[in-house]
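Participant: Sequence:
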Amino acid sequence: MSMGVFFLPIANDLHFSRSALSSIIAIGMLFSGIAMPIAGYLVNKYSTRFVLLLGSIIIIISTVWAANVNGYWNFFLSFGVALSFGTSFVGSVSFTPIVVRWFSKHRGLALFILSSGSMAGIAVMLPVFAYFIPLYGWQTTLVGFSLLFMLLALPIAIFIMKDNHIETATTEVQENLKKDITLKQVLKTRPFWLLSFGLFTCGFSMNLLGTHGVPMLIDHGFDAITSSSGIGLIGLVAIFSTLVLGFISDIVQRKLVLAMIFLVRGLGFIALVIASTKWQLYGIALVGGLVWAGALSLSSAISADIYGVKIVGLLSGLTYLGHQIGAMVGSWLGGWAYDNWHTHYIAFGAASVLLLLAAFGSCFLPKIINK
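Sequential numbering of the sequence shown, starting at 1, is according to the UniProt record's numbering.
Some clues are possibly wrong.
Said to hold, decoys possible - The list that follows gives simulated cross-link-like pairs (lysine-lysine, DSSO-like), each with its CA atoms no further than 27 Å apart:
1) Lys367 to Lys310
2) Lys105 to Lys162
3) Lys367 to Lys188
4) Lys278 to Lys162
5) Lys278 to Lys105
6) Lys162 to Lys310
7) Lys278 to Lys188
8) Lys45 to Lys188
9) Lys367 to Lys184
10) Lys310 to Lys45
11) Lys162 to Lys45
12) Lys278 to Lys184
13) Lys105 to Lys367
Treat the hints as calculated values from the structure; they're not laboratory data.
If you're wondering where the values come from, they're calculated on a predicted model, not measured in any experiment.
Build out the structure end to end from the sequences listed, making use of the hints.
Facilitator: As structure tokens, this is what we get:
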């Protein structure tokens, strides 16, 4: 989600048009989506630790590779393909199976707390990257971040991650593990496709903002620090709002919380693109941050509620594939529409419409009694 501050420096340094770089990011999102079911499968077959270690190694190699190339195809393979696989392997799809199996009564809250890590990343790293890139360049900043990531991620993967949850799981969780439903049966059900459309929309909007939010605000007259701080504020607020939303999702119908998240986001995208003052920007970011996290967490919780947790890793990976297809389209459309029409209203307006449709569709998910 920090691509926005890297976007213009990379494009200018490597002499890429916005469309060209957006295409690399868009295809990268597709590869990230393809990697997610693979990650879910590997977690079920081996362990979360194995997938995290593999993903960390891929991230180190791909970032060093990307920082030392200057051609389109080398950057596409390193940054667009390899790094996308690495980040997917250390993403939420690898953690979701552990969380939904360990937690039942407070599953929604647990998943929301998990998602707060991403929000913290947005809030902390966007301003940090915005500060370091002008001083040291995007290449040094990228490699430095990957080394810091390695120092944090490897000990966590080795010493903390434990998949031996079944022995200590509650009776309810053990019964849920025994639910026997096949992927073929799931694909024939309406809730799966409603959740997939919602995550497609989530990916479209989040990565449109992550990739083109900062350039859009700069084009609209804001300076780079104000732009990155405004987008970062969304993540900062979301760190705390996730706890509230997670608590609420374990009390009221989760589908209603999901619909509310999509509704407020849809209105927020239009507001963001027409913001003209610093305080308008910060006010919109403040409201947007209240509902920025949660779609992925709620979709995983609803999926586990409906289909059980036995194949939740694979199902999460498949629905996240829809998320990344949306991310691909959003990242590409943001650059293509601007290059051709010199406006951000097309891409951000499309995100708003899709989010409002997702809010409407979420109301038709099954009614589930939270235990």
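Participant: Against this structure, judge whether each hint is valid.
Facilitator: Do the hints match the structure? See the list:
1. Lys367 to Lys310: 21 Å, holds
2. Lys105 to Lys162: Holds: Lys105 and Lys162 sit about 20 Å apart, inside 27 Å.
3. Lys367 to Lys188: At roughly 18 Å apart (the allowed maximum being 27 Å), Lys188 and Lys367 satisfy the hint.
4. Lys278 to Lys162: Violated, at about 45 Å.
5. Lys278 to Lys105: 42 Å, violated
6. Lys162 to Lys310: 17 Å, holds
7. Lys278 to Lys188: 48 Å, violated
8. Lys45 to Lys188: Roughly 25 Å separates the two Cα atoms, so the pair holds.
9. Lys367 to Lys184: 23 Å, holds
10. Lys310 to Lys45: 12 Å, holds
11. Lys162 to Lys45: Status holds; Cα separation ~14 Å.
12. Lys278 to Lys184: 50 Å, violated
13. Lys105 to Lys367: 17 Å, holds
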